[in-house]
Amino acid sequence: MRILDPHIHMTSRTTDDYRAMRAAGVRCVVEPSFWLGQPRTSVGSFADYFASLVGWEPFRAARFGIAHHCAVALNPKEANDPRCAGVLDILPRYLAKDSVVAVGEIGFDSMTDAEAKAFTAQLELAVAEGLPALVHTPHRDKVAGTAASLELVAASGIDPGTVVLDHLNEVTVDLVAGTGCWMGFSVYPDTKMDPVRMVRILREYGTERVLVNSAADWGHSDPLLTRATGDAMLAAGFTEDDVDRVLWRNPVEFYGQSGRLRPLLDEPDGTAPAEHEGNSIVRGPR
1 MRILDPHIHM TSRTTDDYRA MRAAGVRCVV EPSFWLGQPR TSVGSFADYF ASLVGWEPFR
61 AARFGIAHHC AVALNPKEAN DPRCAGVLDI LPRYLAKDSV VAVGEIGFDS MTDAEAKAFT
121 AQLELAVAEG LPALVHTPHR DKVAGTAASL ELVAASGIDP GTVVLDHLNE VTVDLVAGTG
181 CWMGFSVYPD TKMDPVRMVR ILREYGTERV LVNSAADWGH SDPLLTRATG DAMLAAGFTE
241 DDVDRVLWRN PVEFYGQSGR LRPLLDEPDG TAPAEHEGNS IVRGPR
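Position one of the sequence shown corresponds to residue 1 (full-length UniProt numbering), numbered consecutively onward.
Just so you know, these hints were derived from the structure itself, not from any lab.
Model, not experiment: these values are computed from the prediction.
Here a beta-carbon is modelled for each residue, glycine too, at the ideal position from N, C-alpha and C.
Do not take every clue at face value.
Said to hold, decoys possible - Pairs of lysine-lysine, DSS-like flavour, derived with a Cα cap of 27 Å:
#, residue 1, residue 2
1, Lys77, Lys192
2, Lys192, Lys142
3, Lys117, Lys77
4, Lys97, Lys117
5, Lys77, Lys142
6, Lys97, Lys77
7, Lys142, Lys117
Claimed, not checked - Label-pair restraints from in silico Cβ distances:
#, residue 1, residue 2, range
8, Val143, Trp56, 33 to 43 Å
9, Val143, Gly180, 17 to 27 Å
10, Gly178, Trp56, 33 to 43 Å
11, Arg197, Pro82, 32 to 42 Å
12, Lys117, Arg197, 28 to 38 Å
13, Arg140, Leu36, 13 to 23 Å
14, Leu234, Asp89, 40 to 50 Å
15, Ala235, Asn80, 41 to 51 Å
16, Arg19, Val196, 25 to 35 Å
Assemble the whole structure, with the sequences as input and the hints as a guide.
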């Protein structure tokens, strides 16, 4: 089983997690920018964070045979802090980096005007930079937040096929299905989705334009739940090809739209990406 986790916050994980993920079949990850749990008080804090996502974290992942890419953005929660407004001005320099494959996470947290303004501005950046957009649907008022997100996506003029609405569940998936946007699901031990519920949704909605991730942030989370979802799919009668589509080919297709995705193939553990330039499966301009 080969896995590309399309949304996982490896900044919050240990090197033991990287080792376990590699053993479970994870070959590539995309790490979106997110709220670190402590409010950031200056644009410089974001600059240091983005530098880590495009510099240190890919090096750390490569030591365990995992290709690391990222998405950068001003996240919805901190979009409400006027001290962080300048982040929008520095984003273009990071969106130009070779390992950045999307704008994200963007979207809503508390559904404020400030969040909507930052959301719209970053959708415009995604169009200008030719990058996909990863949209965070809020933890509260999920139906209203998902509907409002779809309205802004439609108004922006961005190709819906380059947008994924993430953190969906049984009450919001129907809003997104049929819009042309991708449907993202975060699988957690206790909250959001679990492997059994994910299998039920796949049975009802199919495997097209579906991304399954572990998110794996600071809270109670598990970076191996993508693998657990694949195992649950097989146990429920899905084929190995179905699993490969959901856990590998779908995220490769979505992030491949950036022209920058270079997942590793089946190299041995501990391999540096520079030694495998010839094995890139999706390559765009550097």
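Check whether the Cα positions of Lys142 and Lys117 lie no farther apart than 27 Å.
Holds, because 19 Å separates the two Cα atoms, which is no more than 27 Å.
Take a quick look at whether Lys97 and Lys117 sit within 27 Å of each other, Cα to Cα.
Distance ~24 Å between Lys97 and Lys117 Cα, so the pair holds.
Would the hint linking Lys97 and Lys77 be met if the CA-CA limit is 27 Å?
The hint holds at about 24 Å.
May I ask you to test the hint 40 to 50 Å on the CB atoms belonging to Leu234 and Asp89?
holds (47 Å)
Supplied distance hint 32 to 42 Å, evaluated on CB atoms of Arg197 and Pro82
This hint holds: roughly 39 Å between Cβ atoms.
For Lys77 and Lys192, compute the direct alpha-carbon distance and say whether it is at most 27 Å.
holds (18 Å)
Holds or violated: 41 to 51 Å for the Cβ distance of Ala235 and Asn80?
Holds: the Cβ-Cβ distance is about 43 Å, inside 41 to 51 Å.
Okay, Lys117 versus Arg197 on CB: inside 28 to 38 Å?
holds (34 Å)
Is the hinted pair Lys192 and Lys142 satisfied, with a Cα-Cα distance of at most 27 Å?
Holds: Lys192 and Lys142 sit about 11 Å apart, inside 27 Å.
Using the C-beta atoms of Gly178 and Trp56, is the stated range 33 to 43 Å upheld?
holds (40 Å)
Supplied distance hint 33 to 43 Å, evaluated on CB atoms of Val143 and Trp56:
For Trp56 against Val143, whose Cβ atoms are near 38 Å apart, the range 33 to 43 Å holds.
Just to be sure I understand the hint, the distance between the Cβ atoms of Arg19 and Val196 should be within 25 to 35 Å; is that true here?
holds (27 Å)
Of the numbered hints listed earlier, not one is contradicted by the structure.
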